[in-house]
Amino acid sequence: MKALVPVGLSALLLLAAPSAAAADVVFDPADADDLAATLAEATAAQNVCYGWDVQVDDAIAGQSESVGSDRGAGTPVDTSSCSKYVRLDVFITYTSESSESEDSASWDVTSSSGGPTRSDMEDLGLDWDGLTGENPDVVIGNAVSALPLLAADNGMGEGIEAAPATGAAPADASLTDSPGSDFWRNNGTGLLWGIGLLLAGGLFAWWVFRSRPPKPRAYVVPDTVPDDLAPPPYEPPTAPIAVQPDPPTEPVPVARQDPADTAPELEPEATETPETAEKLDEPPELDPPVPAEPDPSAEGAAPAEPEAPTEPEASAETAPSGPAKPAAEADPAAESTPDRPAPSDEDAAPSDQKNKE
Amino acid sequence: MTFRTKMIVAGAIGGIGLIVLMFAIFGGGGIRSYLDDNFRRQSANGNSIVYTSTAKPKAVYEQIRSARSPADTRLDPSGYFLRYSDDIVAITASGTGSRIYVDDERRGYATWLPFVGGVWGTGGSGENFRGGGPGGGK
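Going down the list, the protein sequences come from chains A and B. Residue numbers for the first sequence follow the UniProt record's numbering, so the first one is 1 and each next one is one higher. Residue numbers for the second sequence follow the UniProt record's numbering, so the first one is 1 and each next one is one higher.
Treat the hints with care, as some may be off.
Derived CB-CB ranges, DEER-like [to be verified]:
1. B/23 / A/108: 33 to 41 angstroms
2. A/76 / B/42: 37 to 45 angstroms
3. B/67 / A/215: 49 to 57 angstroms
4. A/192 / B/96: 35 to 43 angstroms
5. A/193 / B/45: 36 to 44 angstroms
Which residues of chain B face chain A? A partial, calculated answer using Cβ under 8 angstroms [stated by the list, open to error]:
6. 10
7. 13
8. 21
9. 28
10. 55
11. 56
12. 75
13. 76
14. 83
15. 92
16. 109
17. 112
18. 121
Coverage of chain A stretches by chain B, computed from C-beta distances (three or more under 8 angstroms per stretch; other residues unrestricted) [stated by the list, open to error]:
19. 148 to 162
20. 203 to 212
Treat the hints as calculated values from the structure; they're not laboratory data. All C-beta atoms, glycine included, are put in the ideal place defined by N, C-alpha and C.
So here's chain B without its partners, still in its complex pose:
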């Protein structure tokens, strides 16, 4: 391998790294911008926005989760609840499609307290699944 070829390889590696770096920094926005870009807005009330989709809740959940990874996920027979740094997203069935709610974290926690209460914070009735069990892991 000649000196020129080696330098081209080094430049290619650095160029790919630069592209990946730029894409990581500027490539994606937050969860709100993603929902705005990919779903139809139904209503809004301040920071609380409702979107709709013709896809089933499970498909919508997988789409959002793969695009913007949540910090935590709570599953309930009524829907999927995703926690982000500043927002809470709820996906629930609506006819044959889905309805997607996004709220800021304080309002979202109060709105979905029967489902996430006791899991992501204090209050509410559900203090379930907060640890315990055999605890025999090593």
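So that you can see chain A by itself, here it is in the shape it has in the complex:
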């Protein structure tokens, strides 16, 4: 009987002793042990203590905790004896199915002076949303395994070099779960944005065209004039329009008219017809100046000729001497209008100008 007492006490002590791996709320026992062993190797290489502390608040199962360190699963990191330590702290809250609140989680990195911080862990780009997913142990295990990497990056310890395996892989070693296309993973967002912007630009252009106010209707000029709008056919005048010939170059008192009165009659646009145009092209036939009635005082003298046939240059104006003198004296223009002043240059200018035309 006395021999059974120690055995029974030992059994009770074994049952009462906390089996951390078995009671772990996050990891499978084997996973927790493997994780603790990995941390132990890192501690041996870097002389830095590592651990994790996961608090779980379940609305149904109540509160529970998962702890572990380089000293083993279920054993918290020894912050009192380790001068350098890094620990991952995680808090997960599971709400009941009937609750309107969502599951939530938070995490932090606790370390000794100069150790890694939460910011360093965030740089690794881990999927922390997975803490409230179906497999939080994957996220936590990955994060705890990264603690030695962060410590080495911060200078707490030396980096651990991974040695590639040189031997043959086990026969059953093979990859599973296709990782998907690298192209779509890296360029899918850009492709979607590009296609979206192209469609947006095209739709916007289409909308602009559709919403554009109608342009005012342009007048269409037909190639032919309708019959009802066609002017009557042109009928040339039966009688040619008389064209007033230009006055002679020399002032003729009898034919002299006011330039304002003669101008309309000499408008070529108003009087030009096919027939008259030909006439206008030809030198106008000037009517010989009507000789004025000879002055009785000049009777007996030779009648004044407009131009001397033999000596056209020897006019009375340029050669007053000699035999032309009498002709000059018998100039009808000068003799017939003695009371009128001789035409000045201004008066003669319109006639000269018209002759030039």
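Please build the complex by placing chain B on the supplied structure of chain A, with the hints as guidance.
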């Protein structure tokens, strides 16, 4: 806004979309071309190539991950392991710098089996972190 201005805006939107589309299609190569362009090659054995960098492993990991997003990442005290569709990249410490390994997926899985075995495939000793836990998420 006039009709001409609207059409210019539409053209600008479409032009930007076209540029983004062209850049997405032709802008980037695979992980191997990126490593070739940005790191110094140390040795090669078939499809297995080793590069070196003077930067620390964490900096190299962040650089590669931001440039070419991996399908999955596995972290271990010994290094960073990135899985791509056809390749596996491992970044580990080497003195004060880093050493970068790239292998095709089959050879890479066999080479790094102690670190990624049981996570990305079968075999190996590590069947850890393959799910489980409370599973109370909703």
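Taking the hints in turn, this is what the structure says about them:
{"no.": "1", "hint": "B/23 / A/108: 33 to 41 angstroms", "result": "holds (39 angstroms)"}
{"no.": "2", "hint": "A/76 / B/42: 37 to 45 angstroms", "result": "holds (42 angstroms)"}
{"no.": "3", "hint": "B/67 / A/215: 49 to 57 angstroms", "result": "holds (52 angstroms)"}
{"no.": "4", "hint": "A/192 / B/96: 35 to 43 angstroms", "result": "holds (42 angstroms)"}
{"no.": "5", "hint": "A/193 / B/45: 36 to 44 angstroms", "result": "holds (40 angstroms)"}
{"no.": "6", "hint": "10", "result": "holds (4 angstroms)"}
{"no.": "7", "hint": "13", "result": "holds (4 angstroms)"}
{"no.": "8", "hint": "21", "result": "holds (3 angstroms)"}
{"no.": "9", "hint": "28", "result": "holds (6 angstroms)"}
{"no.": "10", "hint": "55", "result": "violated (10 angstroms)"}
{"no.": "11", "hint": "56", "result": "holds (5 angstroms)"}
{"no.": "12", "hint": "75", "result": "holds (4 angstroms)"}
{"no.": "13", "hint": "76", "result": "holds (5 angstroms)"}
{"no.": "14", "hint": "83", "result": "holds (5 angstroms)"}
{"no.": "15", "hint": "92", "result": "holds (4 angstroms)"}
{"no.": "16", "hint": "109", "result": "holds (5 angstroms)"}
{"no.": "17", "hint": "112", "result": "holds (7 angstroms)"}
{"no.": "18", "hint": "121", "result": "holds (4 angstroms)"}
{"no.": "19", "hint": "148 to 162", "result": "holds (count 10)"}
{"no.": "20", "hint": "203 to 212", "result": "holds (count 4)"}
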